[in-house]
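*Asks:* Here is how the chains run, residue by residue.
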Amino acid sequence: MFRSHVLVCGGTGCTSSGSAQIIESLEKEIKKHCLDKEVCVVKTGCHGLCALGPIVIVYPEGAFYSMVSVDDVPEIVAEHLVKGRIVTRLLYQETVKEDGFTPIVDTDFYRKQHRVALRNCGVINPENIEEYIGTRGYEALGKVLKEMTPDDVIQLILDSGLRGRGGAGFPTGLKWKFASGNRGNVQKYVCCNADEGDPGAFMDRSVLEGDPHVVLEAMTIAGYAIGASQGYIYVRAEYPIAVERLNIAIGQAREYGLLGKNIFDSGFDFDIELRLGAGAFVCGEETALMTSIEGNRGEPRPRPPFPAVKGLFESPTILNNVETWANIPQIILNGPEWFASMGTEKSKGTKVFALGGKINNTGLVEIPMGTTLRTVIEEIGGGIPNGKKFKAAQTGGPSGGCIPAEHFDVEIDYDNLIAIGSMMGSGGLIVMDEDNCMVDIAKFFLEFTVDESCGKCTPCRIGTKRMWEILDKITKGKGTLEDLDKLEELAYYIKDNALCGLGQTAPNPVLSTLRYFRDEYVAHVVDKKCPAGVCKDLLSFKIDPEKCKGCTKCAKNCPVGAISGEKKEAHEIDTSKCIKCGVCYDNCKFDAIYKV
Amino acid sequence: MKSLEELKAIREKMQGQVGFRDEGDDGIRVVVGMATCGIAAGARPVLTTLSDKVQEKGLDKVKVVQTGCIGLCKYEPIVEVIEPGKEKVTYVHMTPDKAIEIIDKHLVRGQVVSEYTLDMK
Numbered sequence: 014m015f016r017s018h019v020l021v022c023g024g025t026g027c028t029s030s031g032s033a034q035i036i037e038s039l040e041k042e043i044k045k046h047c048l049d050k051e052v053c054v055v056k057t058g059c060h061g062l063c064a065l066g067p068i069v070i071v072y073p074e075g076a077f078y079s080m081v082s083v084d085d086v087p088e089i090v091a092e093h094l095v096k097g098r099i100v101t102r103l104l105y106q107e108t109v110k111e112d113g114f115t116p117i118v119d120t121d122f123y124r125k126q127h128r129v130a131l132r133n134c135g136v137i138n139p140e141n142i143e144e145y146i147g148t149r150g151y152e153a154l155g156k157v158l159k160e161m162t163p164d165d166v167i168q169l170i171l172d173s174g175l176r177g178r179g180g181a182g183f184p185t186g187l188k189w190k191f192a193s194g195n196r197g198n199v200q201k202y203v204c205c206n207a208d209e210g211d212p213g214a215f216m217d218r219s220v221l222e223g224d225p226h227v228v229l230e231a232m233t234i235a236g237y238a239i240g241a242s243q244g245y246i247y248v249r250a251e252y253p254i255a256v257e258r259l260n261i262a263i264g265q266a267r268e269y270g271l272l273g274k275n276i277f278d279s280g281f282d283f284d285i286e287l288r289l290g291a292g293a294f295v296c297g298e299e300t301a302l303m304t305s306i307e308g309n310r311g312e313p314r315p316r317p318p319f320p321a322v323k324g325l326f327e328s329p330t331i332l333n334n335v336e337t338w339a340n341i342p343q344i345i346l347n348g349p350e351w352f353a354s355m356g357t358e359k360s361k362g363t364k365v366f367a368l369g370g371k372i373n374n375t376g377l378v379e380i381p382m383g384t385t386l387r388t389v390i391e392e393i394g395g396g397i398p399n400g401k402k403f404k405a406a407q408t409g410g411p412s413g414g415c416i417p418a419e420h421f422d423v424e425i426d427y428d429n430l431i432a433i434g435s436m437m438g439s440g441g442l443i444v445m446d447e448d449n450c451m452v453d454i455a456k457f458f459l460e461f462t463v464d465e466s467c468g469k470c471t472p473c474r475i476g477t478k479r480m481w482e483i484l485d486k487i488t489k490g491k492g493t494l495e496d497l498d499k500l501e502e503l504a505y506y507i508k509d510n511a512l513c514g515l516g517q518t519a520p521n522p523v524l525s526t527l528r529y530f531r532d533e534y535v536a537h538v539v540d541k542k543c544p545a546g547v548c549k550d551l552l553s554f555k556i557d558p559e560k561c562k563g564c565t566k567c568a569k570n571c572p573v574g575a576i577s578g579e580k581k582e583a584h585e586i587d588t589s590k591c592i593k594c595g596v597c598y599d600n601c602k603f604d605a606i607y608k609v
Numbered sequence: 523m524k525s526l527e528e529l530k531a532i533r534e535k536m537q538g539q540v541g542f543r544d545e546g547d548d549g550i551r552v553v554v555g556m557a558t559c560g561i562a563a564g565a566r567p568v569l570t571t572l573s574d575k576v577q578e579k580g581l582d583k584v585k586v587v588q589t590g591c592i593g594l595c596k597y598e599p600i601v602e603v604i605e606p607g608k609e610k611v612t613y614v615h616m617t618p619d620k621a622i623e624i625i626d627k628h629l630v631r632g633q634v635v636s637e638y639t640l641d642m643k
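In the order they appear, the protein sequences are chains W and F.
Here this note's numbering is used: the first residue of the first sequence is 14, the next is one more, and so on.
Here this note's numbering is used: the first residue of the second sequence is 523, the next is one more, and so on.
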């Protein structure tokens with residue numbers, strides 16, 4: 014037994030900033046001080062505060078150390094673990110108090126969160142099935158197999174009001190019900206969509222990395238509910254840590270008899286295999302995903318027939334997203350009323366958001382549905398850096414839209430977001446401030462869809478490309494007002510005619526920015542100006558002779574020699590040579606360079 | 523594994539370990555002085571004994587933590603028991619055996635072992 018547990022985040026964010034070396038060094042230092050029988054080092058999943066990684070937490074005190082480097086390790090061991098003295102300089106600033114520190118759960122970032130899907134992330138060792146069992150893992154599966162009929166399970170999920178967390182928000186229980194007929198007589202499949210492709214969204218990765226067994230348990234429960242014996246997890250090959258931990262988890266679950274034949278002596282058989290995706294965005298679309306599992310090129314097919322009728326290998330199939338699965342065991346253990354008590358009337362439970370862009374606390378947060386955008390950005394997210402003004406939040410990735418400041422107090426749920434022209438999507442939330450150009454943002458997302466369009470249907474393959482070309486024209490100052498009308502017409506045409514969800518939602522970023530930021534489009538077209546100073550063709554850099562001290566820094570840094578001037582005298586930029594790289598603007602100590 | 527009992531056995535075995543990472547600070551804190559003076563006087567075995575026994579007995583409201591020198595070096599090893607709403611109890615000249623006594627009497631049954639407290643010296 015250990016008197017102290019040192020938890021080190023092993024999520025992708027912290028791993029890329031060196032947490033593996035920290036673990037190695039901790040183990041070495043602990044051994045050096047002969048504490049290896051007293052103190053254990055545990056590699057966990059993501060804590061959510063990725064901006065402050067690598068993160069190390071020492072229990073029982075609960076000291077939350079942030080931005081730890083390998084060089085800090087000897088001090089943590091010698092001071093905290095040997096002598097019991099907290100290393101205050103490494104504590105997460107928000108937790109520091111005059112006479113010690115506050116628990117991490119009392120900080121702004123965590124206080125308003127409610128962790129259901131992420132409950133084990135950052136708490137347990139994901140590579141140890143017994144730690145998962147220690148937090149009531151596989152208890153829901155036991156309860157389902159021993160005490161409930163398959164129809165009971167489906168009814169319970171229906172009663173909870175759980176809706177799919179992958180984007181569209183289809184009621185999960187209903188999906189299961191559609192696939193539940195003819196149990197025992199036909200082959201059926203249960204699939205997990207772990208092909209998380211939205212730029213900026215990484216909650217599925219975190220669940221797989223931090224709590225892989227929850228997905229296995231939930232899929233097995235669904236297998237029992239619909240009468241399937243085989244499951245597939247379709248996960249991106251770009252998530253190597255998630256793939257590794259899933260493989261470990263599947264191996265352990267088989268070893269403990271929680272996957273395989275006759276689970277809990279109930280006569281029910283279920284097994285799960287992984288399928289690695291090669292990184293095509295369209296494979297996150299359910300029919301394309303199943304086509305890819307079948308071994309074919311990942312292209313969508315028309316619906317109906319829906320997967321519940323004719324899915325993988327032409328058999329009835331249910332397909333849910335990782336975060337949806339992560340809610341299932343908790344709903345079974347705590348009851349549908351518990352789950353339905355959180356959230357809004359039509360959107361129950363919690364939702365995980367990946368905060369990114371112009372926000373202080375970049376990371377993962379799980380909040381009850383119905384929390385306002387203001388709470389998420391200002392309180393949990395810690396606001397916008399450098400005192401800049403909030404302009405818009407982008408939700409739903411390339412399928413979603415922008416929410417402007419006027420809707421800052423909207424309660425986030427599926428229906429409210431649709432009503433204001435965006436969507437929940439998988440939960441990426443990218444914050445933009447006054448320095449972001451909305452036309453440029455729309456162009457960025459469209460560039461992504463053009464790149465990722467599978468090419469099967471014309472509206473998506475050609476239509477999105479034409480839209481991108483119009484946007485490109487506008488950002489170069491060559492657009493006309495008719496182009497804006499054409500853009501809109503094309504957008505609605507693609508929405509109505511594309512084959513799959515990717516194409517049908519691809520115009521959303523353009524439509525929502527046209528709706529809320531039309532004045533910015535008009536400024537690009539009519540005044541030939543980019544108000545945010547992003548579109549390079551529409552701006553030039555100038556030096557304010559009053560502020561310029563003649564330090565020559567800009568002239569030295571300019572890659573094309575466009576800046577001239579005598580020492581200690583005002584400099585000048587030759588606009589015919591300037592390539593608008595912005596190096597001078599970023600480096601001027603006297604704020605003498607401005608954009609026009 | 524074929525039965526719910528087997529699952530339960532693993533859960534109970536692991537609960538102490540995972541519950542150890544609880545964030546709440548509303549329970550009893552047992553603080554062991556672990557400065558140079560404490561360590562020299564033998565505080566380390568006292569600390570590990572307390573920590574092991576608390577986990578063994580599943581006392582999930584009790585946290586065993588370390589602290590630095592509190593200035594009473596000649597009384598080390600010192601163990602303080604801090605319970606919300608009650609006066610702090612300071613035990614002095616602790617040994618692993620005395621620590622076990624404190625767990626059984628003070629932490630489990632709520633009886634202060636007054637023969638080891640500071641005010642008796």
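Hints are supplied without guarantee of correctness; some may be wrong.
Claimed, not checked - Think about it this way: if two alpha-carbon atoms lie no more than 20 Å apart in a straight line, the pair counts; the simulated EDC-like pairs of lysine to aspartate or glutamate are:
(1) 159(W) with 574(F)
(2) 486(W) with 496(W)
(3) 524(F) with 51(W)
(4) 610(F) with 284(W)
(5) 159(W) with 544(F)
(6) 579(F) with 278(W)
(7) 274(W) with 528(F)
(8) 535(F) with 446(W)
(9) 402(W) with 465(W)
(10) 530(F) with 152(W)
(11) 110(W) with 545(F)
(12) 535(F) with 140(W)
(13) 56(W) with 578(F)
(14) 535(F) with 578(F)
(15) 524(F) with 284(W)
(16) 583(F) with 74(W)
(17) 110(W) with 84(W)
(18) 402(W) with 446(W)
(19) 610(F) with 140(W)
(20) 530(F) with 587(W)
(21) 524(F) with 160(W)
(22) 535(F) with 282(W)
(23) 530(F) with 278(W)
(24) 56(W) with 545(F)
(25) 569(W) with 550(W)
(26) 530(F) with 268(W)
(27) 524(F) with 496(W)
(28) 125(W) with 527(F)
(29) 50(W) with 574(F)
In case anyone wonders, no lab produced these hints; they're calculated from the structure.
*Asks:* Please go over all the hints and tell whether each is borne out by the structure.
*Replies:* Each hint, compared with the structure:
1. 159(W) with 574(F): This hinted pair is violated, its Cα atoms lying about 36 Å apart.
2. 486(W) with 496(W): Satisfied, since the Cα-Cα distance of roughly 9 Å is no more than 20 Å.
3. 524(F) with 51(W): violated (34 Å)
4. 610(F) with 284(W): violated (55 Å)
5. 159(W) with 544(F): The hint is violated at about 31 Å.
6. 579(F) with 278(W): violated (32 Å)
7. 274(W) with 528(F): Holds, at roughly 17 Å.
8. 535(F) with 446(W): Outside the cut-off at roughly 50 Å; violated.
9. 402(W) with 465(W): Given pair residue 402(W), residue 465(W) is violated - Cα atoms ~32 Å apart, limit 20 Å.
10. 530(F) with 152(W): holds (8 Å)
11. 110(W) with 545(F): holds (16 Å)
12. 535(F) with 140(W): holds (17 Å)
13. 56(W) with 578(F): Measuring from Cα to Cα gives roughly 23 Å; hence the hint is violated.
14. 535(F) with 578(F): Between residue 535(F) and residue 578(F) the Cα gap is close to 9 Å, so the pair holds against 20 Å.
15. 524(F) with 284(W): holds (16 Å)
16. 583(F) with 74(W): With Cα atoms ~13 Å apart, residue 583(F) and residue 74(W) stay inside 20 Å; holds.
17. 110(W) with 84(W): Violated, at about 25 Å.
18. 402(W) with 446(W): Holds, because 6 Å separates the two Cα atoms, which is no more than 20 Å.
19. 610(F) with 140(W): Violated. Residue 610(F) to residue 140(W) sits at ~41 Å, over the 20 Å cutoff.
20. 530(F) with 587(W): violated (76 Å)
21. 524(F) with 160(W): holds (15 Å)
22. 535(F) with 282(W): violated (27 Å)
23. 530(F) with 278(W): holds (15 Å)
24. 56(W) with 545(F): holds (18 Å)
25. 569(W) with 550(W): violated (24 Å)
26. 530(F) with 268(W): holds (17 Å)
27. 524(F) with 496(W): With Cα atoms ~67 Å apart, residue 524(F) and residue 496(W) exceed 20 Å; violated.
28. 125(W) with 527(F): violated (37 Å)
29. 50(W) with 574(F): holds (11 Å)
Checked against the numbered hints given earlier, the structure breaks hints 1, 3, 4, 5, 6, 8, 9, 13, 17, 19, 20, 22, 25, 27 and 28 and satisfies all the rest.
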